[in-house]
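Asker: Here the sequence shown stands for residues 1 to 72, numbered as in this note's numbering.
Don't read these hints as lab results, they were simulated from the structure.
Note that the structure is predicted; figures quoted are calculated from it, not measured.
Note that beta-carbon positions come from the ideal geometry of N, C-alpha and C, so glycine has one too.
A few of these clues could be false.
Ranges between beta-carbon positions, derived for each pair [to be verified]:
#1 E62 / D8: 11 to 21 Å
#2 Q40 / Y61: 14 to 24 Å
#3 A31 / E66: 30 to 40 Å
Lysine to aspartate or glutamate pairs mimicking EDC-like chemistry, simulated, CA-CA at most 20 Å apart [unchecked claim]:
#4 K65 / D30
#5 K42 / E23
#6 K12 / D56
#7 K42 / D30
#8 K42 / D32
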Amino acid sequence: MSGTIKLDEIDKLSVEQRIELIERILSTLDADSLPFTAEQWKEIQRRLAAFESNPDSAQSYEQYKERIRGMM
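Sequences are here, hints too, so could you generate the full structure?
Answerer: Pasting the structure below:
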């Protein structure tokens, strides 16, 4: 991903582009200033690696909602 994006255009990005944007933002932060414990950060990294190794396994928020509604 390159170039400039306006905040109100983020929802137009693909999932992969949003993940890349999040990674870029997080990489600019000092690890000590993150609002995560070391354990939480490790889990975030694990989930990101799982997504990157199989992006087709990801579900959108809408898919998740429908799945949960189906359980009710």
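Asker: Now look at each hint and say whether the structure bears it out.
Answerer: Here is how each hint holds up against the structure:
no.	hint	in the structure
1	E62 / D8: 11 to 21 Å	20 Å, holds
2	Q40 / Y61: 14 to 24 Å	21 Å, holds
3	A31 / E66: 30 to 40 Å	36 Å, holds
4	K65 / D30	34 Å, violated
5	K42 / E23	14 Å, holds
6	K12 / D56	18 Å, holds
7	K42 / D30	16 Å, holds
8	K42 / D32	14 Å, holds
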